[in-house]
Amino acid sequence: MKQGSKGIVGFVLFFILIPKTQVFSQKVTLGEIQAWFQTEPIAAPYREAVPSIMHVFESASSEGLPLDLLFDKLKEGMAKQVPFSRLLSVLEGEAVRLAKVRGILQDGFGKEVEKDPLFLQGMKVGSLALLSGFPEEGLKVVCKPQIGIQKMVTLVPPLVEMHRIDSLPTQPLAYFVQTLSDSSIPSAQYGSFISLYLKATANRIPPPDTLRLMGDILKAGGGILQIERELARRTKR
Amino acid sequence: MMRGMGPGQKKILCMGFLWSIGFWISGLLFPTILWSDTRVGMEGILGKREDGDRVYVPQGWVDVSVSYYVSESFSLFGDFSAKVGWDTGMDSFPYDVSGSLSGSLRGDSFFIGLEGGLRGTRSYDSPRQLEAYLSSNLSYVMEESSLFLKPFVQTVLGPTDSITFALEPGIERLLGEGWMVALSFRPSITYYSDESSEVSLEPRLTLDWFPSVPFTANLRGGWSQRWSDNSDVLQESVFGALELIWYPALNTILRLDTIVEQVYRGMYTLNKGLTISSNMEIRLGLPFPKNSWDLIFGGGYQWKIYSEDPQASDEWFVRVGFEVKL
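Line by line, the protein sequences are chains A and B.
Read in the working numbering, the first sequence has 80 at position 80, and its numbers run on one by one without any break.
Read in the working numbering, the second sequence has 287 at position 287, and its numbers run on one by one without any break.
FYI, nobody ran anything at the bench for these hints, they're computed from the structure.
Hints may be right or wrong, so weigh each one.
Now the stretches of chain B that chain A is said to cover, found in silico as 3 or more residues with beta-carbon under 8 Å [what the hints assert, rightly or not]:
#1 102–108
#2 259–265
Counterexamples of contact, computed for chain A against chain B with all Cβ distances above 10 Å [said to hold, decoys possible]:
#3 Val28
#4 Gln34
#5 Gln38
#6 Ser62
#7 Asp107
#8 Lys115
#9 Glu161
#10 Ile165
#11 Ala174
#12 Tyr190
#13 Pro206
#14 Gly221
#15 Ile224
#16 Glu228
#17 Glu230
On a predicted model such as this, the values are computed, not experimentally measured, just so you know.
Glycine included, C-beta positions come from ideal geometry on N, C-alpha and C.
Sequences are here, hints too, so could you generate the full structure?
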């Protein structure tokens with residue numbers, strides 16, 4: 001698949017799958033996955049490939065990765081009747097991404113983050129962000145103790161979309177994310193930054209300028225209204 | 001051109017000059033240049049004018065913008081833009097050269113913006129013209145709304161020199177998630193070098209939508225009335241405009257601007273009528289090298305019908321070009 005197509009697929013999956021990550025029940029075990037292969041009709045065409053697939057799960061389990069997200073990916077692939085070779089590479093890719101995201105979450109929020117009820121959601125959001133082309137450095141910027149995992153899971157989806165419109169440079173991104181997190185803007189309104197950023201980009205305001213300007217306004221106590229007006233004022237072309 | 005200027009115009013140009021000196025001194029004292037952006041581009045425009053002439057306009061441009069973030073509450077910006085081409089209809093060089101300097105000061109409950117600029121233009125429908133302006137934005141910021149006052153002064157040195165003073169008070173407010181509305185009123189007075197003058201009033205309503213998807217819409221409308229100095233109504237009109245920006249696919253920005261204006265009272269027969277104009281632009285970013293190349297495709301159409309002339313007139317253009325970020 002071409003890089004651009006991957007980005008689009010990743011983005012679509014991002015928004016389709018995020019709501020499903022709101023509720024995670026108990027952790028799935030290797031035994032349950034093995035048993036699922038025996039009983040689930042959609043797994044029937046893949047029975048010969050079970051050892052290879054289980055190998056991916058065993059590796060992930062030995063690394064201490066939660067299997068739920070990989071299992072979701074497996075069920076999604078089988079439901080779509082994805083060919084075995086493709087399914088295997090998708091699962092391997094997902095396992096690699098999850099390992100990276102877990103490392104970023106642990107580095108950012110501490111080892112105890114795995115006990116946080118939002119840990120799996122953070123893993124899912126982070127993995128989909130990386131799949132959509134969001135840089136690891138950008139993810140590290142959002143995974144900071146002063147931001148917290150609760151804001152991280154609501155901040156990352158709009159940031160991924162902003163990055164898709166035009167690359168977000170790391171240094172001003174860190175400033176913007178911190179000021180947004182500290183601001184009184186409710187997380188439900190974070191999505192508006194996608195269209196604000198689009199308007200700034202369409203009006204030829206460079207990304208570092210946009211992020212710095214938005215950060216300064218938020219720091220001064222301004223909100224979306226002031227950001228829109230100052231960006232409009234900055235527009236010269 | 002400077003010799004023909006009145007004292008008011010000279011004063012504005014002097015203020016602009018002092019403002020630019022202050023800008024650069026501030027930049028030197030606080031050498032925190034955060035960002036500068038330079039873009040060059042070229043395009044070819046093929047169009048039909050209102051008189052039926054088919055024209056071709058190849059043109060090129062350079063845009064430079066510099067930002068100084070002196071502190072978190074104080075920023076300075078400088079912009080320079082020059083566009084020059086060849087117009088087969090004019091059989092001459094049209095140009096549009098402008099420079100502006102602006103500063104922003106913001107605090108917990110206020111925003112002060114000041115901007116000064118110079119612009120020189122020559123195009124097929126207007127001869128050589130030089131304009132200088134100073135504008136300001138004084139805002140009192142509340143949690144979900146703000147009150148603003150925008151004083152504005154502009155002088156134009158052209159076929160008929162003029163100086164315009166305007167004051168635009170207004171209020172803007174957030175309306176639920178992603179919606180904002182602004183209501184303003186802009187009275188202005190213009191004095192011309194032939195000793196005539198005119199006054200205009202323009203109440204304006206603007207609605208912006210910023211949803212959680214890569215799309216944004218701006219809808220604005222207003223009414224304007226212009227009087228001459230002996231209280232004759234020169235023109236009365238209503239207008240509405242819609243601007244849409246959409247990011248439909250990777251590296252693609254689509255922009256559509258449509259303006260409708262109904263002039264229902266004018267001094268001359270041909271002043272009265274309906275004008276609809278629409279412009280579209282698609283910018284296609286090339287992924288290499290480093291996302292710095294944009295291909296530009298665009299087009300526009302304008303349709304006019306006059307109240308006492310059944311013959312409608314139209315003009316259109318298509319354009320293809322590219323822009324490179326240096």
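Do the hints match the structure? See the list:
1. Counting residues of the region 102–108 of chain B whose C-beta lies closer than 8 Å to any C-beta of chain A gives 5; at least three are required, and the coverage claim holds.
2. For the region 259–265 of chain B, the assignment as covered by chain A is violated, since 0 residues bring a beta-carbon within under 8 Å of that chain's beta-carbons and 3 are needed.
3. No Cβ of chain B comes within 10 Å of the Cβ of A/Val28; the nearest lies about 31 Å off, and the non-interface call holds.
4. For A/Gln34, the condition that its CB be more than 10 Å from all CB atoms of chain B holds, with the nearest at approximately 40 Å.
5. Listed as outside the interface, A/Gln38 is consistent with that label: its C-beta sits roughly 42 Å from the nearest C-beta of chain B, beyond the 10 Å cut-off.
6. In this structure A/Ser62 is separated from chain B by more than 10 Å, as the shortest Cβ-Cβ distance comes to about 37 Å.
7. Every CB of chain B lies more than 10 Å from the CB of A/Asp107, the least distance being 28 Å, so the non-interface label holds.
8. Every CB of chain B lies more than 10 Å from the CB of A/Lys115, the least distance being 31 Å, so the non-interface label holds.
9. Listed as outside the interface, A/Glu161 is inconsistent with that label: its C-beta sits roughly 6 Å from the nearest C-beta of chain B, within the 10 Å cut-off.
10. Consistency note on A/Ile165: stated as away from chain B, yet its beta-carbon is not over 10 Å from all of that chain's, at 5 Å minimum.
11. Distance check for A/Ala174 against chain B: the nearest CB is about 14 Å away, which clears 10 Å, and the non-interface claim stands.
12. The Cβ of A/Tyr190 sits about 8 Å from the closest Cβ of chain B, inside the 10 Å cut-off, so the non-interface label is violated.
13. Listed as outside the interface, A/Pro206 is inconsistent with that label: its C-beta sits roughly 5 Å from the nearest C-beta of chain B, within the 10 Å cut-off.
14. The beta carbon of A/Gly221 sits about 5 Å from the closest Cβ of chain B, which is not more than 10 Å, so the claim that it is off the interface is violated.
15. With a cut of 10 Å on Cβ distances, A/Ile224 falls inside the contact zone with chain B, its closest approach being about 6 Å.
16. Interface exclusion of A/Glu228 from chain B breaks down, the closest Cβ pair being 6 Å apart, not more than 10 Å.
17. Non-interface status of A/Glu230 relative to chain B is broken: a Cβ of that chain comes within 10 Å, the nearest being about 7 Å off.
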